[in-house]
Amino acid sequence: MDIKHSINSGFQEQPLVEELKQENKRLRLIIENAHNGIFAIDSVGKIILFNTAAERLIDLKAEEVLGEKIQEVVPNSGLLRVLETSQSEYGQKVESNGKVYVSNRSPLYDQKKLVGAVAVFQDITELENVSSELKSVKRLNMELDAIIDSSYDGLLVIDEKGNGIRSNASHERISGLAEDYFLNKNIEDFFDRGIFQYQSVTIRALKEKCRVTGIQVFNSGKEVLATASPVFDNDGKVIRVVTNIRDITELNCLREELAKTKALSAKYHSELSKLKEEIKEDNKIIIKNNRVRGIYELAGRVAQSEATVLILGESGVGKEGLAKIMHKKSSRNNTGKFIKINCGAIPENLLESEFFGYEPGSFTGASKDGKKGLFELAHRGTLFLDEVGEMPLSLQVKFLRVLQEQEIYRIGGTSPIKIDVRIVAASNNNLLDKVKKGLFREDLFYRLNVVPLELPPLRERNEDILPLILHFTDIYNKKYKSNKSFSAKTLNIMQSYHWPGNVREIINIIERLIVTSQEKIIDIDQINQEGATIQSKNNSPSIKVNDLMSIKEARQEVEKQLIAKALKKNKSIRSAATALGVSHSTIIQKIALYKLKHEG
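In this text, residue positions in the sequence shown follow our numbering: the first is 1178, and each later residue adds one.
Everything labelled a hint here was simulated from the structure, so no lab data went into it. Hints are not guaranteed to be accurate.
List of simulated lysine-lysine pairs, DSBU-like, C-alpha gap at most 30 Å [what the hints assert, rightly or not]:
1. Lys1386 / Lys1198
2. Lys1545 / Lys1666
3. Lys1312 / Lys1289
4. Lys1505 / Lys1517
5. Lys1465 / Lys1697
6. Lys1729 / Lys1697
7. Lys1338 / Lys1289
8. Lys1575 / Lys1517
9. Lys1198 / Lys1289
10. Lys1315 / Lys1399
11. Lys1614 / Lys1595
12. Lys1548 / Lys1575
13. Lys1246 / Lys1223
14. Lys1656 / Lys1517
15. Lys1246 / Lys1315
16. Lys1505 / Lys1545
17. Lys1517 / Lys1362
Go ahead and model the full structure; you've got the sequences and the hints to work with.
The structure is reproduced here in structure tokens:
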């Protein structure tokens, strides 16, 4: 080839080179301005391409990484694997700098020779967030469905046109109508067809745009207390009405059952004489007061039945002791245990697991072996619920269901466990007041209050104080191997003391004095020195005769003062007569004779 030909050939190749340079420049611009991160490596794994988007992704400049090994810059790029397998990879998820990317990776070939690999990363963080929120919404919907379906009360939801869109299993149980019966059907049609005997509160709430409560009777005969509550949008328009129905047919039956139980209690009273000797033989029962003796005798008779008992009385009057005696006198003493729980002493978040137990791994901190609840421990025995009025409302619903169905579910469990438990509850509060204030369920109250027993405080049974003092003195003398007693003056003051802590206070003071007193004869001053201030509650004057008079006059004066004191202490003439051991008519005659005043 001569020189002329070479020059001409060079001039012809010059435009082609320029065109290739321009094409390469355009390609570089496209890669650099691409929204997705792009980087490539050569056949030995060194970075040869790293665009601007890749710089944002890795938070490194191209000039810092070009020529570096890919595994040192982007360890999870996957490009070395592509080099090894010569296989493309699509849709691989990668997380970097708090963001989520999807990566597509491909091998690079030149004349069928593998010369490297390229990866394209697309930011899908926003899509991932949307996906996560969607999952969260689905989970919340599932939780809401579970809450609605677990409600003991029936729930019905209608839209702004009055068409049914949702009901729960309890609604089906109470109404006798399946959910499909209400779906996409107008609520007014049910009234027209006689499903409700009275106008639906749901219709009224929809029209009146306010909460409506009333009694409804289904054509099945079920009587329900229904409350319909409208749901408003931001513009104040009704978009839903949620109706809650509670079956009060059962509540009415409970009232009838309570009336029958009262009649049964009267029958028990007629048989008390059969139990007197049995109770006297129990040396743990210290009773002189006729009213309390009657309560214990009735309790002994009721112990032979399966009736639920509610023991009322101030703190320390002996409610737990009475419950234990009932268990001991029942057939359950041979088949099960007496299990006690104080509903007011255990935190609300632990109370449910105490009652029902839990399966292994049900919650954080749960035993790997699971745990039996008190219902299971008391199977075929007696469960004593102290301070039942402190039971949380949320737990009262579940407790009522257990009483009705005689089965429980452990926390985290799916299989019911049958139980056979006799319930004896106790409270130092007026549960009926709590019911009126909405702090205690009325239906649960009637379930517990089948046979009520009310223990009076010690201040109302003065004749029991001295026997109790002597009884516990003997017990603690034996326990601590001592031989101590109280002076006559001290016993007299202790007997007239009002004992606000009742029997528990007596036990506490006597044990403390037996342990701490250095004298064999304990005096009132020693009691007060030990921090227990005991004073006579009897501030009224003693019956005294201050002047010489005939025996007849003295008797009349004493009689007058006794009757005056009895009238002051008792609310009625009849109770005053009972306290003095005379007839009602005798007291009336004496009031007139001595010109005594009595308000009542």
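Evaluated hints:
The hinted pair formed by Lys1386 and Lys1198 fails the criterion: a straight-line CA distance of about 76 Å is larger than 30 Å. This hinted pair does not check out: Lys1545 and Lys1666 have alpha carbons roughly 61 Å apart, beyond 30 Å. Under the criterion of a C-alpha separation no larger than 30 Å, the hint pairing Lys1312 with Lys1289 is inconsistent with the structure, at around 46 Å. Simply put, Lys1505 and Lys1517 have alpha-carbon atoms about 14 Å apart, close enough for the 30 Å limit, and the pair holds.
Distance hint between Lys1465 and Lys1697 is fulfilled; the C-alpha atoms sit about 27 Å from each other, no more than 30 Å. Taking the CA atoms of Lys1729 and Lys1697, the gap is about 45 Å. The hint is violated against a cut of 30 Å. Proposed proximity of Lys1338 and Lys1289 is contradicted: the alpha carbons are some 70 Å apart, above 30 Å. Only pairs whose Cα atoms come within 30 Å are accepted, and Lys1575 paired with Lys1517 is accepted, the gap being roughly 19 Å.
Using a Cα cut-off of 30 Å, the hinted pair Lys1198 and Lys1289 holds, with the two alpha carbons roughly 24 Å apart. At roughly 36 Å between alpha-carbon atoms, Lys1315 and Lys1399 are farther apart than 30 Å, so this suggested pair is violated. Distance restraint check for Lys1614 and Lys1595: the Cα-Cα separation of roughly 33 Å exceeds the 30 Å cut-off, and the hinted pair is therefore not satisfied. A C-alpha spacing of about 18 Å is found between Lys1548 and Lys1575, which places the hinted pair at or below 30 Å, so the restraint holds.
Among the hinted pairs, Lys1246 with Lys1223 is consistent with the structure: their alpha-carbon atoms are about 4 Å apart, no more than 30 Å. For the proposed pair Lys1656 and Lys1517, the alpha carbon gap of about 25 Å is at most 30 Å, so the pair holds. Restraint check for Lys1246 and Lys1315: not satisfied, since their Cα atoms lie roughly 44 Å apart, outside the 30 Å limit. With a C-alpha separation of about 35 Å, the suggested pair Lys1505 and Lys1545 falls outside the 30 Å cut-off, and the hint is violated.
About 51 Å separates the Cα atoms of Lys1517 and Lys1362, which puts this hinted pair outside 30 Å; it is violated.
Checked against the numbered hints given earlier, this structure breaks hints 1, 2, 3, 6, 7, 10, 11, 15, 16 and 17; the rest are met.
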